[in-house]
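K.L.:
Can you build the whole structure from these sequences, using the hints too?
Residues per chain are reported as follows:
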Amino acid sequence: MTSGLLITFFITAIVLVAAGILAAWLLAPSSFNKQKSQPYECGIPTKGTSWMQFNVGYYLFALLFLIFDVETVFLFPWAVVMKTIGMTAFVEILIFFVIIVLGLAYAWKKQALKWQ
Amino acid sequence: MTGLVYDFSVITQSIDHYLVSHWGPSLAATIEFVLVGILYLLIYALVGLMLVYAERRICAFIQCRLGPNRVGPQGIFQTIADFIKLLLKENIRIERADKLLFFVAPFIIIVGSFLAFGTIPFAKGLHALDPDIGLFFIMAATSIGVIGILLAGWSSNSKYSLIGAMRSGAQIVSYELSVGLAIVTMVILTGTLQLSEIIEMQRDGWFIFKGHIPAILSFVILLIAGTAETNRGPFDLAEAESELTAGFHTEYSGIKFAFFFLAEYMNMFVLASVATTLFLGGWMPLHLGNFETFNHVMDFIPPLVWFLVKVFTVIYIIMLFKWTYPRLRIDQLLSLEWKYLLPINLFNLILMSVIVLLGLHF
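Quick note, the sequences are listed as chains A and B, same order.
Numbered according to our numbering, the first sequence terminates at residue 116, and the numbering increases by one at each position without gaps.
Numbered according to our numbering, the second sequence terminates at residue 1362, and the numbering increases by one at each position without gaps.
If you are wondering where the hints come from, they were derived from the structure by calculation, not from laboratory data.
The calculated lysine to aspartate or glutamate pairs, modelled on EDC-like cross-linking and capped at a C-alpha distance of 16 Å, are:
#	chain 1	residue 1	chain 2	residue 2
1	A	K36	B	E1090
2	A	K47	B	E1095
3	B	K1159	A	E41
Across the chosen pairs, the derived CB separations fall in these ranges:
#	chain 1	residue 1	chain 2	residue 2	range
4	B	L1088	A	I99	56 to 64 Å
5	B	L1100	A	E41	18 to 26 Å
6	B	L1088	A	K114	46 to 54 Å
7	A	D69	B	L1027	40 to 48 Å
8	B	Y1316	A	V98	37 to 45 Å
9	A	G86	B	T1293	34 to 42 Å
10	B	L1100	A	F32	16 to 24 Å
11	B	Y1316	A	S30	38 to 46 Å
12	A	F74	B	R1203	25 to 33 Å
Please read these numbers as outputs of a predicted model, since none were measured by experiment.
Glycine included, each C-beta is placed from N, C-alpha and C at the ideal position.
P.N.:
In structure tokens:
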């Protein structure tokens, strides 16, 4: 039942967007113009492509995110059974946390959290 | 509880019995899926239109303007008129764009927010998707959206779009941590991820009252981080209209732009629903200790009304954020997350587990 509903929701979302685009294709006017199909750039002609190298700062944050997101994923199953297991779970997660916080402190010290 | 029980599962079960008796189980299941799909599509579109209208009126109210008030009484049909206008606008094709990715991006964004929308518990029995990993599923579904945003920005081959998408990616990805950790903090208290069970546990008191300080802290963190994750002001620097024109959806026009807009508002609705379910008791009525009369009066208000009132209160707070605070810079944004929210969140998590261990919660 749940998987069927999941597929239903997936298909419904796609149908929603497809119907919107189809309706617009049928109803909306369309005309070709060389200038109109240029990317927006406040009046002047676009210089070169936009597919180029980008500020590495974003990459750093993506890496940091990866570490901490995986940590959050580990925390979910722990959080569910925390009540039933009790003290053992708490001590284990404290050790886990010390390692994680050390990582965060290292990144902080190395100026990785500073935007440049 | 002896009060009235407004249970929608009675209605759905009677529909189910009727369909099964007439068409047999497999065909009935198909019809039910179609019905659920149409119903949720209607609610999705309606809530989206309502939220856009509400935002414009609230914004006007805060800025001492009138806002839309001409189309229909108090301008309630304004967004419908806008929708028709957007439908009739040309879909401009960008010459050097990556055609396939440009086309696919709105699909991904809508799929992400619609899947999360399906798990919202509106009332007892009015709850389409209720997997036992509910909260985790919502986190997973809402994080699909960032892929669509990155694709939209990258495929447009426009500098504004690219900058907007990169900022948005860094921002959503960073604040997802805080949303996740704030939810984990509450999961320690609930011990389950299923939304319907979480609501049942709040029958005798909402978690924001039951969970002491950590619950209040994580509610505040969830509101802040959620506002950032849905790309709303004061964290809307991904589409900062005064610097980046419109950010990642600069090149989208007509109905495709409308889908990005709709998804943003619906993500806000999903966030407000998660906050309501986790902290404010979902569709449970407000009960005050031993005031029997008061509790009985509160029981008479249908759960659907309770849920919507709470959700729209949270949405109102989120809208107030947007119209009262100035926009953050990207370095301020990232340091707020990594240097303030994340350490506070980690500390809060430990605090919550200590409270649960010592049994200090109510």
